[in-house]
Structure formats: C-alpha cells, structure tokens
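J.: Sequence:
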Amino acid sequence: MLKQIFHENLDIQNVNTLPRRAFYIPYKPQEAAYDFTTRYNTSNVTVMNGDWHFEYFDSFDSCVANLTKEKKQRLTVPAVWNLHGYDQLQYLNTQYPIPFDPPYVPHNNPCGSYEKNFELENYNQQSDYHLNFEGVASAFYVWINDEFVGYSQISHSISEFDITDFVSAGMNNIKVIVVKYSDGTYFEDQDMFRHSGIFRDVYVVKRATSRVDDFNITPHLIGDAHANINVHLTSKTQLNEAEVQLFNPDGELIAKQSVEQQCRFAIDKPQLWSAEQPNLYTVLIVTEDEVITQKVGIREVEIKNNQLYVNGASIKLRGANYHDSIPGTGYVMDEAQFIQDLKLMKQGNFNAIRTAHYPKSPLFYELTDYYGFYVMSEADLETHGVVRFYGEEDQDNFNLIMDDPQYQAAIIERIEASIIPLKNYNSIISWSMGNESGFGINMVEGLKHAKSLDETRPLHYEGTLYRDKAKNYDVSNVDMISRMYPSPEEIELRYLTNSELDKPFILCEYAHAMGNSPGDLHEYQELVERYDSFIGGFVWEWCDHAITVGVQKGEPVFRYGGDFGERLHDGNFCVDGIVMPNREPHDSYYDFKYEHRPIKLIKQEGSKISFRNQLDFTNIEDLITITGYATYLNEDVKEFAVNVHEFMPKTIKDIDISNYITTENLSAVMFKYNLNKEEGLRHNGFELGYDQVVYERKTNDVSHLTSHELSYKDVDNIINVKCGPLVYAFNKNTSNLESVIHNDVIVFNTPTKINIWRAPIDNDVNIKGEWKYAGYEDAFSIARDYEIVEESDSLKLIFKTVVIDDVVPPILTGNVTWSVYKDGKVNVSFDLERNVKAPYLPRFGVEFVLSNAYEKVNYYGYGPYINYQDKGVAAYLDNFNTTVEENGANHIKPQETGSHMGTSFVQLANQQFSIVAKSDTPFSFNATHYSLQQLTHTAHKDELQDEGNTYLYIDYLQSGIGSNSCGPELNSVYQFDASEISFDFDLYFLENK
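Going left to right, the sequence shown walks through residues 1 to 993 as UniProt numbering numbers them.
Simulated from the structure, these hints should not be mistaken for laboratory data.
Heads up, the beta-carbon is just placed ideally off N, CA and C, and yes, glycines get one too.
Be aware that a few hints might be false.
As the list claims (entries may be wrong) - The calculated DSS-like cross-link candidates involving lysine-lysine, where the alpha carbons are at most 30 Å apart (straight line), are:
#1 116 - 72
#2 304 - 448
#3 698 - 856
#4 698 - 796
#5 722 - 732
Stated by the list, open to error - Here are the computed distance ranges between Cβ atoms for each label pair:
#6 886 - 746: 23 to 31 Å
#7 629 - 603: 38 to 46 Å
#8 641 - 220: 36 to 44 Å
#9 340 - 62: 38 to 46 Å
Go ahead and model the full structure; you've got the sequences and the hints to work with.
T.: Now the structure itself:
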C-alpha cells in the first residue's frame with residue numbers, strides 16, 4: 001500500500017496536497033452565516049473528530065506492515081498519544097530528541113496507525129470533497145478506501161487533500177499513519193513537551209464545482225475619515241463572478257458588488273479595529289452554492305520613525321508568548337480553553353500575543369480578531385538543537401541549517417504555510433519567521449518570499465543577531481530589531497541610544513518567568529515608556545508546561561521533564577509561565593497587570609497628582625472610572641470619585657486631592673481604575689489597576705503591656721531572663737534565643753537561628769553553587785564571648801558572634817545584642833561585617849521555628865502579593881490578614897516564595913499566644929510550613945512533608961529575584977553585597993485575650 005517513503009526527504013514536504021489557501025469553511029446559501037462559535041454547523045462539513053481505531057507501533061516498518069490489520073485500541077481525535085499511555089513523555093528545551101543526521105530519522109520511529117469509517121454528509125457526486133487536517137505531529141500518510149491519497153508534514157499547519165475521486169456514497173474508510181520523527185523534526189525543535197498524533201481538527205469539506213478557492217481582503221485607511229476594503233478573488237474554479245457583500249459592525253448590509261476578480265468598498269467614517277476597540281465588519285462572498293464569511297477589521301499597520309503604528313497611532317505591545325499547552329491534553333486546545341486564556345490576558349491588561357513557536361489553529365485568530373489582541377504569528381520553525389552537538393551551547397553552529405541551501409525549500413515551505421492560511425485575520429499585525437534558528441541565505445530567501453506574500457505586515461525574526469558578519473546578508477526585509485533576554489542596561493546602551501539603528505526595537509522574549517520570577521520588570525517597562533522606538537515585548541511565557549498525574553488534597557499533581565524515565569530531558573525548564581498549567585495566576589501575573597495598567601500615576605507632589613492615559617485609542621471617560629480611597633492614621637477611610645473629563649489617549653490629567661478630601665493625618669491614598677461598562681471579556685466594574693501614594697506609615701502599636709522587674713540566671717550554656725510571667729532562654733554558645741516560656745507554658749522552644757540561606761529559586765541556578773561552596777546553606781552562629789549589661793529599663797546580652805560553616809572562613813563577624821525590657825519587649829540587633837571575599841548573600845535575618853498551630857498571620861506591609869527588591873510591583877501598603885498556608889505562591893518546584901518587604905508589623909497567632917515582630921525600619925518577613933531544607937531539596941510541591949512546624953523569617957534583606965534562569969545576571973543593585981549589616985527589630989510574646 002506504500003510505494004515510497006517521504007518522511008526522510010528534504011525535497012518533499014507534502015504529496016498530493018491542494019495549494020494553500022486562506023482558511024474558511026463555506027456554508028450553503030440557505031444556512032446561517034459562519035461564526036467561530038458554530039464553525040461546523042453546515043451540511044458542507046463532515047467532522048472526523050471523535051473515536052478512531054488505533055494501534056501504536058515502535059517502528060515505521062511494522063506500522064506499514066500491519067496497516068490493513070484490525071486495530072484493537074481506540075483513541076480520540078484530536079489527541080496526542082503520549083497522554084494516553086503510548087510512547088514516552090519527554091520535555092526538551094534545545095536538544096534534538098534524535099541524532100542529528102538529516103534527513104534521516106531512527107529506524108525505531110514510534111508510529112500511530114489510525115482508522116475510521118465515515119459517511120459523508122449529503123453525498124453528491126457532482127461535488128468535490130476536500131479532506132482537512134489542521135495539525136498532525138510530525139508527519140503523516142493518508143489512505144481512503146485503501147487507496148493512497150497523499151502525505152504531509154509541518155505539524156502546526158493545515159494540510160488539505162482532494163479526495164473526490166476516492167470517496168463514494170455510503171460508508172468510506174480512512175487510514176492514517178502518523179510518524180513521530182521525520183525530516184521535519186529537524187525544523188521543529190521548540191522548547192516544549194514533544195508530543196505526537198493528530199492534535200487538531202479533522203474534517204471533510206464539500207465544495208461546489210463552481211467556486212472561489214482563495215481570496216485576499218486588505219483594508220486601507222485614507223486620512224482620518226475614510227477607508228477602503230479591497231477584496232481580491234485570487235483563485236477560482238469554473239466560476240465567472242461572485243457577489244461580495246459588506247456588513248457594518250452592527251450587522252447591517254451597507255454595500256454589495258458583483259465581482260470577477262477584485263472590488264473595492266469605500267467607507268466614510270469607518271469604525272476602526274484595534275486591540276482596544278475590535279470593531280469588525282463582515283464580508284460575504286456569495287456564489288450559487290456557497291457562502292464564504294470573513295470578518296474584517298479596518299486597521300493599517302506601519303513601521304515609520306522607528307516606531308510601530310496602528311491606524312496612525314504609535315502603539316506599545318504588552319505581550320505574552322503563548323504555547324498550546326494543557327496539562328491533560330497537551331497540544332489539544334478547544335474554544336473554551338482559548339477563551340479562558342484570552343480572558344486572563346485581557347484581565348491582566350495584555351494587548352499582544354506571540355504564537356510561540358508555530359501558528360495556532362484558525363479558531364484562535366478568529367477569537368483574537370473578535371476580542372482584540374495584536375498577534376505576532378510565528379512560523380513552525382526552530383532548529384535550536386544545532387547548538388547542542390557537543391554539550392553546552394555552541395553558537396558557532398547556529399547557522400548550520402539556515403546557511404545550507406539543501407534546507408531552503410523546506411524552510412520556505414514552512415514560512416508559506418504560516419502566512420497563506422491566516423492572511424485575512426486582521427489581529428495578525430506581524431509575521432515572525434520562526435525562532436532560534438540562526439541566520440543565513442535560507443532565511444534571506446524566506447524573508448523575501450514572505451514579503452512577496454504580504455507587504456502589509458512587518459516581518460520579525462530575532463535570529464539576524466547570529467548572522468555571520470563577514471557575509472553581506474540582506475536583512476532589509478526584517479522590519480524590527482529583536483532580542484531576547486538582554487538586560488535593561490544593555491538595551492538602552494546598545495539599541496535605544498544608538499543613532500545608527502533605523503528600526504524599532506522589540507523584545508520577542510524577556511522576563512523569563514520560571515518559578516519565583518521575574519524581577520526587573522519595572523526597569524524594562526520604564527524603558528518602553530521612555531523611548532518611542534522601544535515598541536514593547538512578550539514575556540516568556542504565558543503558562544507553566546506540565547503533565548497532570550493525579551490529584552492530592554484537591555489540587556492537581558504536576559510533573560515536568562525527567563519525571564517520566566526519559567533519558568534526555570531539560571528538567572523543570574518548562575515550568576516558566578506567569579500562570580500555572582491549570583491557569584491559576586502566579587504573583588508575577590499581577591505584576592504584569594500592574595505594569596500594563598491603562599492609567600498610570602506619573603507624578604505626585606504633596607496633594608497634587610498627575611495621571612497619564614496609557615491607552616492608544618480610548619478616552620478614559622468612555623471606559624474607566626477612577627475612585628480614590630483615602631486612609632487616615634486613625635484607620636478612617638474616605639472614598640471619592642475623581643473626575644476626568646475628556647481624558648484622551650496619551651495625555652496627562654492633573655488633580656489636587658485636597659479638593660476632594662482633607663489631607664490632615666493622611667496615611668495613604670489608593671486610586672483604583674474600574675471599567676464603567678462591560679467590555680469584551682471583562683465585566684462592568686472590573687478592576688484594571690491601581691496606584692497608591694503613601695504619605696505616612698501607621699505605627700501599629702502594641703498595647704496593654706505591663707511592667708515587671710527583670711532578673712536573670714547565668715547557668716552552664718544558658719542565660720535565663722525572667723520578666724513577670726515570661727522566661728527567655730538565650731544560648732551563650734550560639735547567641736540564639738533558645739525558648740520562650742509563659743507561665744510555664746511553652747510559647748516556642750526551638751532555638752532561633754541567624755539565617756543567610758534561601759531555598760534557591762530557579763533564577764539562582766548560576767549562583768547557588770557558589771553559595772553552597774561558601775557554606776551559606778548550612779551556616780551557623782558561634783558566640784565567642786558575651787557581656788551582660790543591666791540598665792534601668794532593660795537587660796542587654798551582647799554576644800561577639802561569627803556566622804560560619806565547616807571549612808570556610810567566617811562569613812559574618814560582629815555583635816548580636818538581645819535586649820529584654822521590663823514590659824516584656826525583646827529587641828534583637830545585629831552589627832556585623834561581611835566577608836567581602838565571599839559571594840553576595842542570599843539573605844540575612846532570623847529564623848523562628850514554631851508549632852504549626854501558629855497559623856493566623858496579620859501584617860502591616862506590602863501585600864497581598866509577594867514582593868522582593870526587584871519583584872512585586874503589584875503589592876501595596878496595607879493591613880493584611882492571611883494564614884501561613886495561604887502565604888506564598890504555588891510553584892510546582894519548591895523554592896523561596898512568600899516574602900513581603902516593607903513590613904513594619906507582623907503577628908503570628910495560635911489559640912493561646914501571639915508572636916509579634918515590629919520595627920520603625922521596615923523589614924521583610926515570610927511564613928511557611930516547610931523548612932528551608934525541604935524547600936531546597938524537594939523536587940515537587942506535592943512531595944513536601946508535613947513537619948508540624950511554622951517557620952517565621954524576619955529578614956533585613958534578600959537578594960533580588962531577577963530572571964537569570966535564562967535571562968541576564970541579577971542586577972548588581974539587587975545583589976546583597978553590603979559589607980556591613982546593621983539591623984534590629986522588636987519582639988513581643990503575648991497571651992491572647
């Protein structure tokens with residue numbers, strides 16, 4: 001049944017496929033018009049999704065030999081077989097999954113043999129029938145009624161076959177062999193789980209023999225008040241003319257024309273399309289037996305003055321890289337899942353998406369047209385594995401494929417497959433030629449070909465950076481300068497202030513969001529807003545990639561690379577999104593939402609406030625209400641509405657809050673920005689963002705303290721200090737507080753610890769080895785000497801202390817002073833010098849180990865989101881109530897999370913006692929039920945064991961977060977490298993009343 005093998009031939013990408021065309025589904029004239037919500041509700045379509053007979057084989061030869069034999073298994077289409085018990089689950093970032101020997105693939109090449117019987121809807125011998133596969137990984141062969149139909153590859157592309165001569169009335173049979181590896185595998189080395197199978201829709205379309213096959217629709221703006229919609233019927237079959245009808249966004253027919261080849265509709269006062277206002281016209285192409293529907297947004301994209309313009313306005317892209325990734329279905333995504341993500345993006349103030357690293361299904365673009373997103377649509381092309389031949393990355397190999405002409409036809413085919421089917425979706429404002437594939441003559445030709453297919457959209461390709469500078473390659477068809485993961489300092493120095501550069505700058509990937517990440521977000525956004533030529537960027541990435549393997553305590557259990565017994569993998573590098581696999585937002589999601597807020601407080605002097613409208617096309621008055629909330633030192637709160645009449649795009653409005661409220665004894669003012677009407681995926685009243693001005697912090701005094709006489713006993717290695725019902729035990733050998741007893745009841749009895757370690761975050765990957773070598777993980781304190789000083793209101797215990805570990809010199813040296821006051825307050829102060837020859841510190845503070853009954857948390861500081869030096873811009877100052885269980889982010893791989901800087905008061909309480917830490921100088925605190933040892937050495941969150949403890953950390957400082965898991969080294973400003981540490985805070989041990 002198979003006379004020739006095609007999947008190891010670089011010259012053959014497909015066999016017997018129809019010419020690529022714009023995506024559409026023709027309906028019958030008497031049927032309701034096509035809509036993405038009812039895309040297959042036509043008798044012209046036979047949907048092939050659903051139950052198929054299936055058999056899995058370890059090699060192509062055995063699969064072919066058994067093609068006609070009965071298949072005993074069943075598999076739903078669409079699906080990836082890896083998540084149904086077949087083959088190996090594998091996550092890879094840059095490595096190829098097979099030896100690099102193109103076009104050849106291993107003989108043991110996993111294959112899926114599919115079979116299904118089907119009957120065509122209203123079969124008509126006078127019609128043509130076209131079989132469509134929207135996505136198959138990685139290549140496939142098709143038979144209808146045991147006759148070979150054709151072959152295709154390019155996983156994330158539409159393959160269409162004319163099966164008219166193969167089908168008949170009644171029952172028909174289709175057989176498909178899907179091969180896991182093909183020569184296409186060398187072009188699809190994307191950072192993702194490597195799944196296989198028919199993962200997008202399959203259907204047969206009945207076509208009239210007299211029809212439109214392909215068409216282009218291009219809008220064009222003429223000044224501020226006029227536009228044209230140009231319709232070009234580029235391919236027809238046995239058709240003289242069609243009627244083209246135009247409907248306005250309200251659904252009213254406003255024009256129609258009979259067309260042989262092309263026509264133009266002139267529109268006065270057009271309703272333009274943008275991500276903010278996604279107005280859509282509708283074009284119907286009507287023939288005797290078919291109606292083709294295409295939504296059209298009138299918008300025009302330009303690159304000029306080193307900026308990106310949409311409809312004449314210079315815009316900024318606030319974007320996310322977006323893989324197809326669902327923990328239970330892999331590459332398979334449906335309408336509800338797309339809408340769930342798009343809703344979260346809209347609610348997070350994202351306006352742009354890069355389809356990393358392949359085209360999505362047509363349904364996705366219909367949704368982004370409708371809901372309003374700027375899309376950079378990317379070709380299914382990545383050859384990153386060429387840099388990993390000999391271990392670590394070798395950039396010298398990056399151009400190996402892109403500069404070798406034998407690969408040119410395959411590369412151009414992939415670019416073509418990414419453009420032609422999607423050319424009529426107006427949300428696509430840029431074509432990206434692929435990802436991390438180096439540069440060379442093949443990309444030069446690919447860019448030329450892309451321009452010939454579409455001159456209306458700018459082209460993107462980051463790989464020009466890796467071109468051989470000795471060769472004079474033509475890069476004129478790349479319309480923007482693109483980078484991934486440079487530091488803000490490099491961006492400004494190398495690109496934004498470089499007068500020789502004549503194109504806008506964009507970050508196709510930045511702020512690598514792996515684990516507790518990213519930091520530095522505000523620095524990037526500040527540059528975007530300061531420089532017109534910095535047109536924005538796309539966070540890497542939208543969601544964590546992981547596989548669901550069960551449920552524990554009502555929560556899904558996720559696994560990542562290396563958890564499935566695979567030999568080659570890249571660990572948890574795929575767990576790098578701002579939302580979890582189940583779309584629960586990480587704290588970083590809210591940081592992006594904050595940075596992308598539509599209104600920004602840009603200046604404050606006393607009671608005078610300046611706001612800027614960050615939107616490109618919208619009058620704030622038409623969309624958003626600004627409400628102020630003034631909080632006073634006596635806890636009073638006053639709400640007031642801020643009037644912003646005619647607050648036009650990119651303009652500034654000044655107000656004086658003294659016109660609304662009294663400013664005497666004012667602590668802080670929060671300005672909240674809420675929708676004043678329903679808008680797409682966001683409901684009326686939805687909070688889009690906020691800004692806060694802090695005038696004076698509250699004091700959070702501890703009241704009802706009673707004074708007692710102080711006494712102490714210095715026995716063996718312990719100094720016991722008694723203050724009324726309280727007894728404090730201090731260790732003379734360690735300078736730690738050993739225990740606190742209240743009326744013979746234990747408040748806590750595990751020694752405190754001077755702590756400089758944090759459970760490494762993913763961004764610590766490059767520094768944690770130095771930290772461990774320097775002894776930071778297991779460091780402990782030794783008191784070399786001590787002094788007891790009695791004062792009128794207190795007793796001071798001064799310990800000469802070193803913080804040290806085995807086989808390393810002292811890390812910290814100086815005094816630790818515990819002062820016990822007559823009212824029961826304890827002050828601990830540190831005056832230490834750091835060994836500056838050692839690496840910068842992860843953190844410095846005190847660890848308290850309490851029973852897990854200490855669950856309630858109240859704090860006055862920045863929350864409710866976690867925050868660090870360079871992370872947590874969404875956090876604001878307030879009194880917060882939470883629990884230890886709820887504190888911190890939910891990361892699949894355990895690591896440091898849950899800290900709150902800017903705290904001046906924190907209280908942990910159990911049924912009987914409260915422990916309070918307080919300081920006039922704000923500190924950072926964290927509370928968790930898991931020890932640093934567990935968090936450091938446990939691979940998965942669900943594997944953390946209940947230790948029966950609550951761990952409280954009061955920190956002077958932590959090093960920043962950064963994004964060094966893939967991005968630049970942590971900015972030196974956020975490295976905890978101070979040579980001296982001076983820090984103190986007060987402790988209260990209170991009986992609850």
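J.: Does each hint hold? Answer for all of them.
T.: Going down the list of hints, with the structure as the test:
Pair hint residue 116 plus residue 72 holds up; C-alpha atoms about 12 Å apart against a cutoff of 30 Å. Taking the CA atoms of residue 304 and residue 448, the gap is about 20 Å. The hint holds against a cut of 30 Å. For the hint pairing residue 698 with residue 856, the CA-to-CA distance comes to about 21 Å; that is within 30 Å, so the pair holds. Among the hinted pairs, residue 698 with residue 796 is consistent with the structure: their alpha-carbon atoms are about 28 Å apart, no more than 30 Å.
About 16 Å separates the Cα atoms of residue 722 and residue 732, which keeps this hinted pair within 30 Å; it holds. Between residue 886 and residue 746, the C-beta spacing of about 26 Å keeps the proposed range 23 to 31 Å intact. The supplied range of 38 to 46 Å is broken by residue 629 and residue 603, whose beta-carbon atoms lie about 20 Å from each other. For the hinted restraint 36 to 44 Å between residue 641 and residue 220, the CB-CB distance of approximately 42 Å keeps it satisfied.
For residue 340 paired with residue 62, a C-beta distance near 40 Å keeps the hint of 38 to 46 Å intact.
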